[in-house]
Amino acid sequence: MFEDQKLIQEGVLRDKDFDSLCAKNYLDPIKGTKSTYRLYSSEGIIYFATAALEFDWAYKQQTEFWNLNQISNNLFGKKVYRCQGVWWFAPKWIMQKIPPGVYHVYIRHGNSNVGPVCRFIHYKGIGSEEKFGEVPLSNAQIPFQKNFNKLIATYAATLDLSDAEELTNIEIMLFREAQQVQDYLVEGSILVPVQSLDKLPSYYLKLQMDDEILDIDWKLPVQQIELVIPKFDQESDDDFDKPALSKSEEQFKDINFKEFDKDVVEKIKNVFIELWNYYDVNKNGYLDKQEFKNFMRNVFQKIQYPVDEIQIENYFERSDTDSTGQVTKFQLEWLLKQVIRIQVQLQDQQEAQNEIRKLELELKAQNQSAKDLEKKYEDGDINIEGTISILIEGEILQIEDFPVQNLIQKEGKWRIEGSNEATIIINFEEEIEFNVVGIKSADDCPEMDPVIIEIQLMKDLNYEEVVKKDNLMFDERFQNRLFEVNEFGVKAKGLWIYLKSGSDKGLQLSQIKVVKSVGLIK
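Going by full-length UniProt numbering, the first residue of the sequence shown is number 1, and it counts up by one from there.
Since no wrong hints were added, every one of them can be taken at face value.
Ranges of calculated distance between the beta carbons of each label pair, as one might list FRET restraints:
1) Lys219 / Glu385: 51 to 61 Å
2) Ser162 / Asn277: 40 to 50 Å
3) Ile303 / Glu378: 50 to 60 Å
4) Gln345 / Lys34: 16 to 26 Å
5) Pro193 / Val281: 43 to 53 Å
Keep in mind the hints are simulated off the structure, nothing from the lab.
Note that CB positions come from ideal geometry on N, CA and C, so glycine has one too.
All chains, full assembly: derive it from the sequences and hints.
In structure tokens:
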């Protein structure tokens, strides 16, 4: 009887402890993970939460692009990364050791309606990642501006791991390119276990520290469930658990991977051969565990890839197919292929980042050019008077909602939808002398900004091309893009302007501008 009472009392104490942990959203670190926690919720359900802070992504280490900020309602008791402004936006983190089951996925973020896609990747190890889902991260309803410098958890997708036979690692990447992302907070993700898909989940997930969040309907359901499911039942030549087919001691140089670039294959083969010969001190044809670890650390250093000690341990266990505590060259054939794949990915990423850097430098140059011309020709704006025609696919177009006269109004607005290109012809009432011609971006919808511009001056019976640019960029609203036609002034009877945006939604701008030096003003 007394033993029964003791067990009952212990159960009561455990229940009290559990309730206490749930009441304060206690975080319990999961052993063997980089930053994944059990999160005790007020509903008495244990969530899984992952902090993005501990992982690396493009430009994260450069403070002019990403920096750490103290946010009052942070979940992990740590600072949160804020995106200052990047064109290659790809924060990512890995939710590690997730048990089989179904989970609603929430992203905890803030400040800006960025609208990236959320990519889901089955992370099996360095160089072995398989993307299995990509959903747009809805942002239309989030009151970020009313909750500036606050974090809000919003629904991204529903992750089905019910077919998994073991703990699973899932990488999340928020991705957006070719448009600058600014002032965005990203803290990480939360997985909420699901018992049934019959009921729509809430769009927002409230935690204990979110009491000060304003103007949110915490019970608002999502419009539909976005289900993402990794594949667990397909084996391939890249399966780490695939046993060696023989004991042959083939040289790395005899291995042929036709699917990869020949130069990359030869480079990595040479790295493997050089380091194998260095660490196989006794020339006995195998490496023991410590030699293997040193070998792999050096391999990753050679290709400038982050060293992951846990993954190196996994590499050894999966290479040692005979459980001898040693690995041969043949047993590392699969690993050679993985490292080649990593090298290819690194090169692709570097090329993409170089391209993004070129865009950033070009944007900076365009901004500086506009500022220089604004300063040089300050107070020189000319009020355009004349007739305006719009040609779309050779036909003249009139738009009632956005009349063409808006194009010559200060901070006006002109837009077309259904076509992303147009030719604008302006006939001046009388010949005008000016130095600079240009356009100004509209007040919204940056995706409809022109990216291609051609300008010709109308002179008597001929046209003179003065501007042609196919990489026009804007990063602010009502922003000028100006072109100096002639420092000493030029006369024209009109303008012929061709514009094209990069969006199928349409094309828009605020104003067409002509500017002259104060010295030319009579």
